[in-house]
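A.B. asks: Below, each chain spelled out in residue letters.
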Amino acid sequence: MGSVHYFLGIEVQSTSMGLMLRQHKYTLDILTWAGMLSCKPVDSPISTSKATILPDPLFSDATRFRQIVGALQYLTFTRPDICFAVNRVCQFMHAPTDSHWVVVKRILRYLRGTASHGLHITRSSSFALHGFTDADWASSVEDRKSTGGYLVFFDQTPISWKSSKQRTVARSSTEAEYKALADGTAEVIWLQYLLIDLQISFASAPIIWCDNLGATYFSANPVFHARTKHVEVDYHFVRDRVAKKEIQIRFISSRDQLADVFSKPLPTSSFTAFRLKLRVDPPPSA
Amino acid sequence: MVLRLRQPKTALSTATATSSVASFSRVVSPPSHEPLVFNDANRYEAWHSAMHEEIQALHANRTWTLVPLNPSMNVVGSRWVYKIKRRSNGSIERYKTRMVARGFTQQEGIDYSETFSPVIKHATVRLVFSIAVSCGWKIHQLDIHNAFLNGVLDKEVYMKQPPSFVDSALPSYVCRLHKSLYGLKQAPQAWYTRLNDFLLSIGFCASKVDTSLFIFSVGADICYLLVYVDDILLTGSNSLLLQPSFSY
Numbered sequence: 000m001g002s003v004h005y006f007l008g009i010e011v012q013s014t015s016m017g018l019m020l021r022q023h024k025y026t027l028d029i030l031t032w033a034g035m036l037s038c039k040p041v042d043s044p045i046s047t048s049k050a051t052i053l054p055d056p057l058f059s060d061a062t063r064f065r066q067i068v069g070a071l072q073y074l075t076f077t078r079p080d081i082c083f084a085v086n087r088v089c090q091f092m093h094a095p096t097d098s099h100w101v102v103v104k105r106i107l108r109y110l111r112g113t114a115s116h117g118l119h120i121t122r123s124s125s126f127a128l129h130g131f132t133d134a135d136w137a138s139s140v141e142d143r144k145s146t147g148g149y150l151v152f153f154d155q156t157p158i159s160w161k162s163s164k165q166r167t168v169a170r171s172s173t174e175a176e177y178k179a180l181a182d183g184t185a186e187v188i189w190l191q192y193l194l195i196d197l198q199i200s201f202a203s204a205p206i207i208w209c210d211n212l213g214a215t216y217f218s219a220n221p222v223f224h225a226r227t228k229h230v231e232v233d234y235h236f237v238r239d240r241v242a243k244k245e246i247q248i249r250f251i252s253s254r255d256q257l258a259d260v261f262s263k264p265l266p267t268s269s270f271t272a273f274r275l276k277l278r279v280d281p282p283p284s285a
Numbered sequence: 000m001v002l003r004l005r006q007p008k009t010a011l012s013t014a015t016a017t018s019s020v021a022s023f024s025r026v027v028s029p030p031s032h033e034p035l036v037f038n039d040a041n042r043y044e045a046w047h048s049a050m051h052e053e054i055q056a057l058h059a060n061r062t063w064t065l066v067p068l069n070p071s072m073n074v075v076g077s078r079w080v081y082k083i084k085r086r087s088n089g090s091i092e093r094y095k096t097r098m099v100a101r102g103f104t105q106q107e108g109i110d111y112s113e114t115f116s117p118v119i120k121h122a123t124v125r126l127v128f129s130i131a132v133s134c135g136w137k138i139h140q141l142d143i144h145n146a147f148l149n150g151v152l153d154k155e156v157y158m159k160q161p162p163s164f165v166d167s168a169l170p171s172y173v174c175r176l177h178k179s180l181y182g183l184k185q186a187p188q189a190w191y192t193r194l195n196d197f198l199l200s201i202g203f204c205a206s207k208v209d210t211s212l213f214i215f216s217v218g219a220d221i222c223y224l225l226v227y228v229d230d231i232l233l234t235g236s237n238s239l240l241l242q243p244s245f246s247y
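Line order of the protein sequences matches chains A and B.
With numbering that gives the first Met the number 0, the residue at position 187 of the first sequence is 186, and numbering never jumps.
With numbering that gives the first Met the number 0, the residue at position 147 of the second sequence is 146, and numbering never jumps.
Mixed in with the good hints, there may be bad ones.
Said to hold, decoys possible - According to the in silico footprint, chain A covers these stretches of chain B (three or more CB under 8 Å from chain A):
id: 1; region: 112–124
id: 2; region: 209–215
id: 3; region: 225–235
What the hints assert, rightly or not - If you anchor each label on the Cβ, the simulated ranges turn out as follows:
id: 4; chain 1: A; residue 1: L27; chain 2: B; residue 2: Q106; range: 40 to 46 Å
id: 5; chain 1: A; residue 1: T47; chain 2: B; residue 2: E92; range: 41 to 47 Å
id: 6; chain 1: A; residue 1: T14; chain 2: B; residue 2: N73; range: 52 to 58 Å
id: 7; chain 1: A; residue 1: Q66; chain 2: B; residue 2: K154; range: 32 to 38 Å
id: 8; chain 1: B; residue 1: T114; chain 2: A; residue 2: A272; range: 42 to 48 Å
Hints are computed from structural coordinates only; laboratory data are not their basis.
Quick caveat, the model's predicted, so the values are computed rather than measured.
Don't be surprised by glycine CBs; every beta carbon is placed ideally from N, CA and C.
Please take these sequences and the hints and turn them into a complete structure.
C.D. replies: Here it is as structure tokens:
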């Protein structure tokens with residue numbers, strides 16, 4: 000038995016602040032495999048320009064697409080910054096086209112520049128959970144479904160995140176936000192049960208930050224009910240947890256909304272700022 | 000603390016008796032690529048001795064007993080898999096061989112029933128890392144060698160004798176497997192069940208929300224154990240971790 004330094008392909012390194020989890024070797028292996036080791040790096044994993052629907056030929060080697068995208072999925076273990084972009088390309092696994100391959104290559108180019116980055120786990124002063132949820136309404140040009148995402152912190156360290164296309168079409172941005180809020184709530188509640196099993200006591204109910212005022216009001220008061228009957232289950236689920244004081248929902252301005260990076264492509268400047276807050280850092284200098 | 004999950008290796012006389020590989024001079028240094036078939040591998044001393052070691056380990060583990068073939072049995076095949084293990088600098092660490100069962104010929108309901116084996120959730124790993132860092136706990140890693148070979152089979156599974164290691168006295172017999180082998184449909188599930196039973200027997204509790212997380216607590220001391228198939232992490236308040244070994 001030894002101290003952990005390599006677990007599930009993840010390099011564990013001590014830093015002055017705590018631990019660094021990195022998949023440096025794994026990233027380089029993917030880049031080598033994809034023949035992208037000598038590509039030109041870019042600063043963000045996904046372009047902000049809107050995709051247009053053009054007649055797009057199917058990508059010649061669908062298996063290769065699936066293998067590389069599958070490999071990228073595991074990389075999100077330590078890289079929340081690519082979670083949104085990887086989820087986006089995962090949506091085309093069944094029939095990838097040439098333009099989808101361009102999106103994959105963009106992620107690989109981003110990784111080329113940030114291969115040594117990893118997730119920084121720092122010492123927590125208080126054992127408290129807080130989450131962020133966000134949605135990009137009707138973002139999918141093909142079917143107008145929205146993209147939702149959440150991010151949950153354990154004090155200063157991000158421990159759980161997700162980005163996904165919502166399963167049903169939302170008729171308003173509030174509805175999309177509310178669905179994301181329900182997903183985030185379910186995750187926070189699961190983590191609370193996990194903390195109970197781990198016998199870690201937490202003082203206050205976790206706060207979930209949401210940047211849509213409508214969705215925050217919703218969780219507290221049964222207003223606008225007629226317009227939202229079809230989101231009733233999500234609605235009651237979140238309302239119930241708030242009423243039982245298991246969670247709190249608060250409003251946060253979009254600028255500080257950390258789950259933004261899980262619901263939409265961001266320009267480089269704000270992406271880099273968010274990445275810092277996601278605790279995805281370059282390795283500590285020796 | 001030592002968590003020994005590997006059966007102690009004992010030299011069994013049967014191991015030498017079963018070998019029917021003719022001895023002829025072998026090439027000492029094998030090529031850098033991995034062989035695909037037995038005949039290709041057996042020409043090289045490194046692969047040959049690795050296969051012998053593997054067979055001996057299987058015998059020591061009492062993986063199977065030879066039984067007469069019965070027409071009602073579904074007999075699965077077996078084959079060798081070869082892998083060169085390299086260090087991070089690319090130099091060769093060892094030549095690894097594995098006897099695997101051709102599980103794809105197993106029939107559901109007859110040869111296996113349950114196959115699901117849980118693995119730890121990513122969020123749990125990160126949360127436990129975060130707690131360990133905050134509490135200043137060391138995180139230990141356990142390596143389980145040949146993890147799947149520890150699994151106990153609850154169904155009768157029969158396998159052809161390994162290619163070129165056929166018992167010369169009983170060539171028409173087949174192996175009745177007692178322990179699981181890599182390649183069997185139920186191997187991960189059998190291993191998880193065995194480990195789960197063991198951990199519960201020594202006082203761990205399984206988490207209700209993530210069944211690959213085990214918790215051990217005595218008074219104010221607590222210890223967490225995370226299982227990802229054969230990769231195991233262990234952390235907790237130190238006084239407990241430093242207690243004498245529990246062995247299997």
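A.B. asks: Confirm or reject each hint.
C.D. replies: Hint by hint, here is what the structure shows:
Beta-carbon proximity to chain A at under 8 Å applies to 4 residues in the region 112–124 of chain B; the threshold of 3 is reached and the given coverage holds. Look at the region 209–215 of chain B against chain A: 3 of its residues bring a Cβ nearer than 8 Å to a Cβ of that chain, three or more, so the hint holds. With 4 residues bearing a CB less than 8 Å from a CB of chain A, the region 225–235 of chain B meets the requirement of three and the coverage assertion stands. Against the hinted window of 40 to 46 Å, the Cβ-Cβ separation of A:L27 and B:Q106 comes to about 43 Å, which satisfies the hint.
Look at A:T47 against B:E92: about 46 Å separates their beta carbons, and that is inside 41 to 47 Å. At about 54 Å, the CB distance of A:T14 to B:N73 agrees with the hint of 52 to 58 Å. Between A:Q66 and B:K154 the beta carbons are some 34 Å apart, a value that agrees with the proposed interval 32 to 38 Å. The given range of 42 to 48 Å is respected by B:T114 and A:A272, whose C-beta atoms sit roughly 46 Å from each other.
Checked against the numbered hints above, the structure violates none of them.
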